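Going down the list, the protein sequences come from chains W and D. Sequence positions in the first sequence follow the working numbering and run 1 to 263. Sequence positions in the second sequence follow the working numbering and run 264 to 496.
Keep in mind that the hints were calculated from the coordinates and are not lab data. Misleading hints may appear alongside valid ones.
[Stated by the list, open to error] Covered stretches of chain W (chain D as the covering partner; in silico rule of three or more C-beta atoms under 8 Å from a C-beta of chain D):
#, segment
1, 24-32
2, 96-110
[Said to hold, decoys possible] Now the in silico label distances, taken between C-beta atoms and shown as ranges:
#, chain 1, residue 1, chain 2, residue 2, range
3, W, Gly33, D, Leu326, 53 to 61 Å
4, W, Asp104, D, Lys477, 25 to 33 Å
5, W, Ser116, D, Ile496, 42 to 50 Å
6, D, Ala314, W, Ser10, 37 to 45 Å
7, W, Val245, D, Thr495, 52 to 60 Å
Computed from a prediction, not measured in an experiment: that's the story for all the values here. Beta carbons are placed, not taken as given, at the ideal position from N, Cα and C, and that holds for glycine.
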Amino acid sequence: MQHDLTLLTSLTVTAGRDKSGTEEAEDVVFRPGEISALLGPTGSGKSRFLSDIESMANGDTPTGRKLLLNGVEPDSDERFSLQGTLVAQLSQNMNFVLDMRVGDFIFTHAESRGVSDAREAALRVMEEANRLAGEPFHPENHLAQLSGGQSRALMIADTALLSWSPVILIDEIENAGVDKRRALELLVKSDKIIVIATHDPVLALSADRRLVFQNGGVKGSFQRTGREEELLGELLEMELKFSRVREALRSGVAPVLEPVHPG
Amino acid sequence: MRLITVAGPPSCGKTSLIIKTCTHLMAGGLSCAVVKFDCLQSQDDVAYTAANIPVSVVLSGGLCPDHYFATNLEEAFAWASGAQCCIIETAGLCNRCSPHIKGLMAVCVIDNLMGIEAPKKIGPMLQMADLIAVTKGDLVSQAEREVYRHRIRQMNRRAVIRQVNGLTGQGCRDLAAIMAEAPSVESVTDMKLRFSMPAAICSYCLSERRIGAKYQKGNVKKASFGKTVCNTI
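With these hints in hand, go ahead and build the complete structure from the sequences.
Here's what the structure looks like:
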């Protein structure tokens with residue numbers, strides 16, 4: 001049944017049509033452990049693309065795209081068991097609404113997944129979440145007491161380690177107050193297909209590939225080049241500087257003015 | 264005509280979801296009509312009319328809306344008979360009622376904000392449904408959505424479960440495809456509810472307002488509260 005998906009080696013979205021009926025150039029193939037960024041203004045077709053994945057489009061959506069698992073169309077049994085569980089989502093609008101202790105909640109989640117050692121799994125999620133969050137938190141804390149950054153860190157760690165879904169969609173998580181880099185490393189290690197909808201250049205460049213959307217269709221697909229990797233390094237350094245100044249200001253210390261690099 | 268019952272707690276997104284789903288059904292060539300059973304007041308006819316969906320809103324007033332639904336189903340069916348698909352939206356306020364009928368498609372709508380124990384509390388409205396639409400998932404964590412789904416599955420092994428966003432309409436195309444396959448019937452006379460409705464007929468059903476055992480007649484059930492609480496301060 002559901003466990004078959006651990007064998008997912010590729011997920012293909014076949015070429016469809018944009019809003020004007022123009023054919024897309026090529027199929028898009030996703031593989032576990034790869035990060036793809038979706039770029040384009042609001043209304044350009046990112047959400048439609050994602051909902052084609054989530055609803056396991058079968059030529060029956062306005063785009064005419066089809067979803068293939070490991071290169072083949074899923075049969076009706078597979079469709080029944082997978083529909084609605086293919087994509088795990090993380091976005092900035094999401095909150096924990098439960099009144100529960102963090103530890104108990106993750107344990108409940110692990111248990112619902114049928115994890116053999118739910119205690120151990122919950123501990124691992126706590127550990128990873130604390131590596132991502134700015135300030136540490138404990139299993140005894142209530143979900144509602146967590147800061148925005150702590151909540152986001154917990155959601156990321158939990159989704160990476162406990163979610164069954166083979167695809168993780170991250171929507172505009174740039175200002176979440178978590179260590180973005182570590183978050184991406186953790187997600188990639190989870191061997192899931194990572195898709196990021198973002199306007200943030202650092203996140204966009206962290207992706208192995210960028211899909212650019214226009215008028216409801218995929219306009220272009222770009223693999224990250226060596227030069228872009230260098231650019232990513234520069235941007236990360238700038239971000240580091242930003243966060244050092246932020247930390248200094250938050251703790252009441254005068255920020256150190258670093259000399260500008262000559263040249 | 265396809266007759267579909269849609270039940271769910273108040274404000275969980277039934278109306279938005281039905282409007283979005285009907286839009287897809289109508290685009291696919293199926294004419295739709297909606298009957299809304301509500302209690303005291305409802306402005307939902309405005310929303311349906313704005314979406315060009317024929318609607319009739321009826322109010323149960325002092326009666327239980329689900330009992331009112333059962334007593335008026337034949338008439339509702341007759342009203343909608345010109346359409347190919349009639350959706351009955353009911354309130355299901357006490358979470359004990361279930362308007363679902365054997366041989367017709369039964370839909371339950373619940374939202375993710377109700378807490379992970381909600382699927383257990385909702386009862387036959389959810390347990391007896393063929394299709395369960397979960398709304399407001401965009402507001403809660405993935406983990407809560409997954410635990411919620413698991414709890415729903417524990418309560419109902421066979422229903423199709425779908426995450427739907429009533430505001431953006433995400434997932435409603437999928438619902439429409441499922442609803443288009445709903446069984447078609449010529450009449451509802453002699454059909455059966457899937458679950459009995461709660462018994463009533465006590466003096467409060469008959470407008471009694473005074474508190475006290477001496478005013479209570481008819482089907483009166485006294486609860487057991489356990490040992491009397493002592494003052495522990």
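Right, here's what the structure says about each hint:
1. 24-32: violated (count 0)
2. 96-110: holds (count 8)
3. Gly33(W) - Leu326(D): 53 to 61 Å: 59 Å, holds
4. Asp104(W) - Lys477(D): 25 to 33 Å: 47 Å, violated
5. Ser116(W) - Ile496(D): 42 to 50 Å: 47 Å, holds
6. Ala314(D) - Ser10(W): 37 to 45 Å: About 40 Å separates the Cβ atoms of Ala314(D) and Ser10(W), which means 37 to 45 Å holds.
7. Val245(W) - Thr495(D): 52 to 60 Å: 55 Å, holds
In terms of the numbered hints stated before, the structure departs from hints 1, 4, listed from lowest to highest.
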